[in-house]
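Each of the two chains sits in its own frame; use the hints to bring them together as a complex.
Residues per chain, in single letters:
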Amino acid sequence: MSQADNPKRNIAELESIAAKLRLRVAEMVAPTGQGYVQQGLGSADIFTALYFAEARVDPGNPDWEDRDRVFLTTAHNTAIFYAALAERGFFETGRLSTYCEDGSPLEINASERMGRFVEATCGSLGQGLSVAVGAALAAKRQGRPTRCYVVLGDGEMQEGQVWEALMSAGAWGLDNLCVILDFNEMQCEGHMDNVVSLRPVADKLESFGFAVHDIDGNDMASILNALDAARETKGKPTFINAKTLVGKGVPALEGFMAHQLMFPPEVAENAIAVLKENLS
Amino acid sequence: MLLEGETTFDGAPFDGISFDLCSRRKDVVMVSADLSKYTQIIRVKEELPDQHLDVGMAEQNLISVAAGVAKAGFVPVATTFAVYATRRAYDQMVICMGTSPHTSIVVGFTPGIANPARIHHQAAEDLGMLRSVPNATVIDPMDVTDFKQALDVAVDLPGLVYMRGHRGNTPRLLDPQKFKFELGRTYRLRSGSGTGIIATGHATQWALEASGILEDRGIDHSLLHVPTIKPVDETGLADFCFAHDRIVTIENHQIVTGLGSLVAEVVSDVGGGPRITRLGVPGSWAPGGTLPYIREQLGLDAAGLADRIREAGR
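Residue numbers (numbering that gives the first Met the number 0), protein chains in the order written: chain H, 0 to 279; chain L, 0 to 313.
A few of these clues could be false.
Taking lysine-lysine and the BS3-like style, the derived pairs with C-alpha atoms no more than 30 Å apart in a straight line are [to be verified]: (1) Lys25(L) - Lys179(L); (2) Lys235(H) - Lys25(L); (3) Lys233(H) - Lys179(L); (4) Lys139(H) - Lys179(L).
To be clear, the hints were calculated from the coordinates, so they are not data collected in a lab.
Computed from a predicted structure; not experimentally measured.
Excised from the complex, chain L in its bound form (with noise of 0.2 Å):
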């Protein structure tokens, strides 16, 4: 399902999938906090205005007032930066959507490590808080296919969905005439033996970079692609895990409470099972920086990663 040749890159990748969904369901809603160019919405405000809402730069009104929009049967697609949307407006998720049965959405952009401005703008604990939600939806997409079709998905759930965005120059690595986002799915995008690598999310972008040296130097591993973080199939990622000697998870998150958690519980549930190794945030802040700066020292990088997968495996 992983598209072959040289990579491609959308430069704003939800501007177009945002006006698309607009275009084709006029119940949806953009809301903004005073970051429509930032999350890149600018072509829904400016072309589809109906469609668009902005409350100012308050992120707790931007969640409570989403939610009261959808209680008069509209879509809202509520979109901030991931640290806002979780660090000061998680009390209004969980009550205001989290406690309704109408579709609320949540995109988080700039998640984890995803942002040159440090922890003040690196939401590397969303995906555990989101998880501890009961009955929410949580979805960390890999690419521009998975996000695009991740949220047309996401528009007709119930409740609570929380999503992780992606901005700027982002991959295009599925193939979108054979990839199919399906909520729960997990997507094996290499297979082997040995070491089973999991990952979600931009992880999942890492996770590839480093099986590409890892096949260079002729270490047979497997890729596990696990964009739904919540509800998961927990049947597919245990027979998964328990296929593999060693697991390894990689997440664009601290190494508590996310998909390495996950896993280690799928796991621990079954009972037995292969050593899991969780690589992400190692409990300490992240520095700011660029991306492939923030990576290597944080030892996310192709190269990190590959020796530490390749550690992990011994």
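Chain H with its partners taken away, still in its complex shape (with noise of 0.2 Å):
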């Protein structure tokens, strides 16, 4: 079997390897107590699924020119990326522990210089649906196998440019891009709700000629589901509209909405213990 491929795991092997995700996100967002905790937490499930159960990636080739691509929009939510990137064996576990280190490469925005496994630098908001539309519909025209996946922010969804992006990829029915919306209904000035609400998501995506999938994002098996009806679905575009909690595996912190969380130590060492206990 060659590294490119990525076998489906049974859901309690996936579900272990989130719990691990989970506890290096803790980890490494504890020495500092920067970091997006509560979104890394929320999201350790859907970053399992794409790129352990779903995404054809290379660690060994990271050039592969026929990988399905995966694009973070929210490029600030890297604790959890970092960490799957580095368990997928991108790079060295081992550098987990310098995040956001003055001089790491792993910076608290990810940026296309880390390398081809950052698909995009996304950091400003909106922008990363529009690249991975170009990318998927690039796919298309030279004929490959390539899918690509984008994890987008719901607060993000407020931004303009993300309509321009979702209008053209239903009309032209890009069927090779999966949109995963990480719902976790938190911005910066609290609940969506409250701010901006995006409600119904469902309905405002199918009529921009979405294939939409309600799951609940941190339900392994929901997630692998809506996946493989996304693959099998031909000429519409799949958005994957997965419901998420923050802070999720460590009780102290399950819905607490804090957008960029300080991470005391007394907290950072408790969210430590539950996670490992856990794992175990």
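Right, dumping it as structure tokens:
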């Protein structure tokens, strides 16, 4: 079996990987208290499904032209992103301990200069989906099997460019494009419904020409089923509305709406202890 | 390197340039945001549809989709008006194209005052905006020959290339047999002493017109064409400046942040040097109207320029 093949593992195995990634997120953020803990814990299952069950990527050959491309448009959600990449073998897991240290390549925002496994520099919210649309369209014209996966933020959907990109993807029927909305309902100023609500998300996306799946984004089987359905869907792109719980896996943090949580040492210790226990 | 005799014009220069390029280079894709007709890429659209892409009236999507297309191995040439590329999608150019190693070209049409529809269609600050982007290439060609050759070079450059475009009746001034566009190089079109004129893009056409008047009046001068705003041959530029008593820069752009500023920076880096007079859009909104009218209003018509150059030389 080639490195590039991503075998569908069993649910328990994937959940175990997700638990490990959550622990890594807490450990990475604990030393400085910097980083997007809540979002990382909330989206760990999505990243696990993408990197360990779905996307055809090859850590030994990140430039592989026929690879699937994973775009993290919320480029600040890097603790979980880096943890997943390291665990998948794109770089040594030992480097995770340098996260957000001055001089470390693991900066708080991911950028292309890290390597081809960062498909696009996306720190300015609202742009990444368009880049993925361009890459998906190009793959179609080239006849490549490449599929493009986009982890999109819910607050990010308030950016106008996202809707330009959605409109074009729907109009062009890009069935090799799969958008996964990390719908944690949180943005800088609090709950999205108290700022500018996205609801009804599914109706909006269906009207834009997407196949839409409403799922529990912390349920591994649901994520895999939606990704399976996306691959089978022809003639239209897929939008997976994945409802996630911020702080998932640490009861004291679950549902705590803190966009950029400073992680006091005692909270970090508690989180790490809980996540270690989950892992065992 | 200038053509002699009666000047000829091309009514749709980019139609031919883009079609010729796409015919030779199957990896090049012309990307439009509903302006294929107005940026004159209709021939590619109709005859080479696989090398044409229209994202609709959505310039932010235009730039980012083009960047995505580049990641897959194509060379995108995103075409729109310079105002939309820079003011509406500057962030997208900087982030999606500017931080990427893949060749991504943006051609901004109707730059400066080359549009009758006033400020919302007149990008008189685009060169300054793009000059500020690390590693970006910025080109302001003067005529059909320069435009064609610069694009041929641009498709093999890494990262973001921003180029100002010409549309509609565009003169052929440079002899394609004698002129060879080289990135960063400056070109001496008139040799003399006293006042050194430095111009770029459309303004080099205007400078040539003024040069004719100055010559008739017996006023000694030189003219340097600087098509590459970034990266530029700073030594050549400085040598030209220090060989003259006075320098006058002319640009189809605000007199801040563009060519005039570039020349002042280069001279200042050396220290001392001649006085520099910067001509262009003088810190105000240009009016709408025909190009001759706007030029006259801003003192950028041939006679106005000749008078101001003579004044600067006193």
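Hint check results:
A distance of roughly 23 Å separates the Cα atoms of Lys25(L) and Lys179(L); the hinted pair therefore holds under the 30 Å criterion. Proximity of Lys235(H) to Lys25(L) is assessed by CA-CA distance (about 27 Å); at most 30 Å being required, the pair is judged to hold. For the suggested pair Lys233(H) and Lys179(L), the alpha carbons sit about 50 Å apart, so the restraint of at most 30 Å is broken. Under the criterion of a C-alpha separation no larger than 30 Å, the hint pairing Lys139(H) with Lys179(L) is inconsistent with the structure, at around 37 Å.
Hints 3, 4, counting from the list given before, are not met by this structure.
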